[in-house]
Amino acid sequence: MDRASSSRRDAEVVNAIVMPNPGESDEHVSDLLAAQGAQVKQLTSGFLSVQASRLALRSVATIARVEEKATKQMRY
Amino acid sequence: MEKNSFRAVENVSMSLLSTLRRQTKKMRPNFAANAASFVNAASEVVRKEDRVSLLVETDKPGELLADFQDLGGDERVEQLSDTFVSAHVRLSTAQALVKSHHAHRLQTKKEHQPHADVAGVDAALFPAVGGARAVTETGKDVLIGIVDSGFDLSHPMFRDGSGKLRVEALLDQTGQTPKEFNNAQLETGWNNGSKPGYDDDGHGTHVASTAAGSAYKGLEGIAPGARLLLVKTNFVDTADAVAWAFSKAGGKACVVNMSLGTHFGSHDGTSAEELLIDQLSGPGKVVVISAGNERDRNLHIGGHFLPNETQTLTFDVQRQRGGPPVSLLTLWYDPADDFSISLISPLGVPFPAPALGSVDVYTQPSFDLEIGRQTYAPANCVQVQVMLGFRSAAVPSSQLDNWRLRIDCNAATVGRIDGWFANNGFGKFDAHPLVERARTVGMPATARSCIAVASHVSKNAWTSDAGPQQAGLLPGQSSPFSSQGPTRDSRKKPDISAPGQFLTAALAADSLSASFGERVRVADRLLTIEGTSMAAPVVTGIVALLLQKKKSLKPGQIRDLLAASARVDSHVGVAGWNPSFGHGKIDVKQALATV
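For the protein sequence lines, the chains are A and B, in the order given. In case it helps, the numbering used here puts the first sequence at residues 45 to 120. In case it helps, the numbering used here puts the second sequence at residues 574 to 1168.
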């Protein structure tokens, strides 16, 4: 991937569900993301709804499962 | 209708009957019943101008259309499917149709009551169309959450007998930040014209009114006593929507309906959203999800490979409204296996998937292609992801059609590979033995805890502003579009089948749906559409009735009692689970009797 398209992709803001790994607290992961400008909302224990750049999300990838939310379609 | 014209109708009817009797000899065994309905219905459909609307069954629709292509005026003969043709023609043309060797069976399009309670009868909620409810439960003290396109809260189906909104709260996710409205704010907003949660599509209004609509023009939702928690979603933050609804419900029983889905994922219940649904569900908290409409969309491939076996499939990238074509395809296989996978452009240029843990990006004059291969730990499998994005909406078809996907199996322990285009419109495979109808249940309907809903046909005729309409489908059959199970990890989804084709329910004013001429009765504010989207809220309403009877029911208990009480008829086949109907057709009366 060339450098320009790589940084464009990293800077793109996406919506994701972040699930802290066992042993990592929701608060810790949430604080790390918030410190990088992410919007974080706790959905329930172990699940954070996050709006952040891919770069910010990647920073917690070793301590949490990060999954970008898929766009759904209506079923008619 | 004036007396003179009525007499004309009777004459027409007899004339058609005499012609029809001559035709009966070459009809199929069940034609006699249809002949009777042809006559009985004639007075309903023959217009003053002696036009008649017919449904013609034929094994040669092309020839039939060719014979009647030069009709002119307002006469129309149109192909509905491989075996059915619709005709709106003069009586003289109808008689010619009856004589045609290509027409095997004719039926007038019958006026039907525009009733969701045809679905209600199918689900045993009503003993007969227009009759009283067969059960006393109405969903009282239960909350129904609907995650959808929006809601026309000016529609009478969302108001109680005193005209007050039956909506507890609404969350609008479509702005920069989600915005919540309480009942009073919604009343104000819909009185002053700001219309919070406005439905510009029409899908959500129909779904919500099917689940919980108040009595209106002979219609009634399944749970008219329930209160509503509504989410106008952006179709991305749907997990947040479920969490919001259950949070708002607090200690009250709540069932959330999601008539939506995607095929971007591993289809085994391990996605983050599905795990969240599992965690949020529990006693008195249930999520109902439409199985999907992808049975016949050629968006899924799957099958077992032998070592050194190679398969090459062809697919077309589809154009999309409002932007350049995009295609997203994911493939999934066991880490013990070894597959080489390549995408080959229409010009024959190969783009191989890289080694595990790598992503390759190819920048071409008209498109960007990204292919990656990584381990997907939650399901212990390997994921290959292909993203193809064109730069211009005006890309010629020669660059969209005839892409090839080549799969070489280098080593096989399990040997199975599955792949899905992420959504409808992203791509369509040409016919190939690997193209499967099974495993087309979407996500999050593959979540373990949810009730996944398939669709069957409950009626095949309705009235609209464009006149009587009829579809070439047999009531009772599985809807041709209804996604089939099992899941990729072989679990039994869908769980149950419900009426989803065709359902008449509330029409959102000024919505996209209001322009569907053959589906709407604008003045009556009614819309007739089909989909597992329409079947899911039938089940959602029924779950609300069950929760009214026993608030602490868990999703697994509800699934079990729906399965145990499901109706098994000749369309379903033998008792037990099958890929199209799940455990059978939902029967609310039997289900409630077992609680």
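Hints in this document: simulated from the structure, not taken from any laboratory. Given the structure is predicted, the values throughout are model-derived calculations rather than measurements. One or more of the hints may lead you astray.
Once the Cα atoms are required to be at most 30 Å apart in a straight line, the calculated DSSO-like pairs of lysine-lysine come out as [unchecked claim]: (1) A/K85 <-> B/K1127; (2) B/K1065 <-> A/K85; (3) B/K768 <-> A/K85; (4) A/K85 <-> B/K752; (5) A/K85 <-> B/K825.
A few chain B residues that don't get close to chain A, going by computed Cβ distances all over 10 Å [claimed, not checked]: (6) A845; (7) D911; (8) C982; (9) R1140.
Label pairs and their in silico Cβ distance ranges [unchecked claim]: (10) A/L99 <-> B/Q852: 37 to 43 Å; (11) B/N764 <-> A/S69: 45 to 51 Å; (12) A/A79 <-> B/L1085: 38 to 44 Å; (13) B/P923 <-> A/R52: 38 to 44 Å; (14) B/D869 <-> A/L99: 40 to 46 Å; (15) A/R52 <-> B/A984: 34 to 40 Å.
Ideal Cβ positions, reconstructed from N, Cα and C, are used throughout, including at glycine.
Evaluated hints:
1. A/K85 <-> B/K1127: 27 Å, holds
2. B/K1065 <-> A/K85: Outside the cut-off at roughly 33 Å; violated.
3. B/K768 <-> A/K85: 27 Å, holds
4. A/K85 <-> B/K752: Satisfied, since the Cα-Cα distance of roughly 14 Å is no more than 30 Å.
5. A/K85 <-> B/K825: OK: A/K85 and B/K825 at ~23 Å, within 30 Å.
6. A845: 4 Å, violated
7. D911: 25 Å, holds
8. C982: 28 Å, holds
9. R1140: 23 Å, holds
10. A/L99 <-> B/Q852: 37 to 43 Å: At 28 Å between Cβs, range violated.
11. B/N764 <-> A/S69: 45 to 51 Å: Holds, at about 46 Å.
12. A/A79 <-> B/L1085: 38 to 44 Å: 42 Å, holds
13. B/P923 <-> A/R52: 38 to 44 Å: For B/P923 and A/R52 the Cβ distance comes to about 26 Å; the hint is violated.
14. B/D869 <-> A/L99: 40 to 46 Å: Hint holds: Cβ distance 41 Å, inside 40 to 46 Å.
15. A/R52 <-> B/A984: 34 to 40 Å: 37 Å, holds
The structure shown violates the earlier hints numbered 2, 6, 10, 13.
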